[in-house]
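A.B. asks: Given the sequences, and given the hints that come with them, work out the whole structure.
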Amino acid sequence: MKTSIQICLRRLCLLSLLICLPAFAHAQEGLQIADLFNKYGEQKGVTRVELNGSILKSYRMTTYKSLVFKDVFPYCREIQQAIAHDKQDNAKKAQEVMESGILRSAYYQLKEVERNGKKLNRYLIFKIGKGSMGTLIYIEGLLSEKEMMNMLYKSE
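The sequence shown lines up with residues -27 to -1, 1 to 129 when you count with mature numbering (1 follows the signal peptide of the UniProt record, and there is no 0).
The set of hints was computed from the structure by calculation and includes no laboratory data. Each hint should be verified, as a subset may be incorrect.
In silico lysine-lysine, DSBU-like type, Cα no more than 35 Å apart, as pairs [said to hold, decoys possible]:
id	residue 1	residue 2
1	K65	K92
2	K84	K30
3	K43	K103
4	K92	K66
5	K12	K43
6	K43	K84
7	K65	K127
8	K12	K127
9	K17	K43
Ranges between beta-carbon positions, derived for each pair [what the hints assert, rightly or not]:
id	residue 1	residue 2	range
10	S78	G18	31 to 37 Å
11	I75	G26	34 to 40 Å
12	A67	G90	14 to 20 Å
13	E51	G26	29 to 35 Å
14	K43	N89	35 to 41 Å
15	G14	H58	17 to 23 Å
C-beta: ideal position from N, C-alpha, C; glycine also.
C.D. replies: See below:
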């Protein structure tokens, strides 16, 4: 049985194969997680997805970036430190699941940013799945929290 997140990630990965272009330069401005996307996006065992174009517009997004780690545990400490830093002054809403001191799942709605005269919502999602697989997602755009949740958890 596939989880909703796996289904969504599979959809987005397939779409990104068709439309994998660099996202806007200002996305993630001032966030430490931006460094993770740059640092680990080309690593063996890590899949980076960046969407652009009509797929973004159809979901009312301006930026979608994700990293899927086959084995996230070597990166966990650095990911958790970046997330802790970024949520400190930016999180409007947070949901976290900790297990034995390890962040297993997290959702953050960050403070809006203004770009080209529009206030954009920002979301940061992290999840350690079955085994050692992990996913880090950054989304920015006009989409509401409800639209973002519907997009991520829509079943096939």
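A.B. asks: Next step is simple, just say for each hint if it's right about the structure.
C.D. replies: Going through the hints against the structure:
1. K65 to K92: Holds: K65 and K92 sit about 15 Å apart, inside 35 Å.
2. K84 to K30: holds (21 Å)
3. K43 to K103: holds (10 Å)
4. K92 to K66: holds (17 Å)
5. K12 to K43: holds (16 Å)
6. K43 to K84: This hinted pair holds, its Cα atoms lying about 30 Å apart.
7. K65 to K127: With Cα atoms ~24 Å apart, K65 and K127 stay inside 35 Å; holds.
8. K12 to K127: With Cα atoms ~30 Å apart, K12 and K127 stay inside 35 Å; holds.
9. K17 to K43: holds (9 Å)
10. S78 to G18: 31 to 37 Å: Since S78 and G18 have Cβ atoms about 21 Å apart, the given range 31 to 37 Å is violated.
11. I75 to G26: 34 to 40 Å: Roughly 36 Å apart at Cβ, these two residues keep to the hinted range, so it holds.
12. A67 to G90: 14 to 20 Å: Between A67 and G90, where Cβ atoms are some 28 Å apart, the hint is violated.
13. E51 to G26: 29 to 35 Å: Given a distance of about 31 Å, which is inside 29 to 35 Å, the answer is holds.
14. K43 to N89: 35 to 41 Å: Check passed, 37 Å falls within 35 to 41 Å.
15. G14 to H58: 17 to 23 Å: holds (19 Å)
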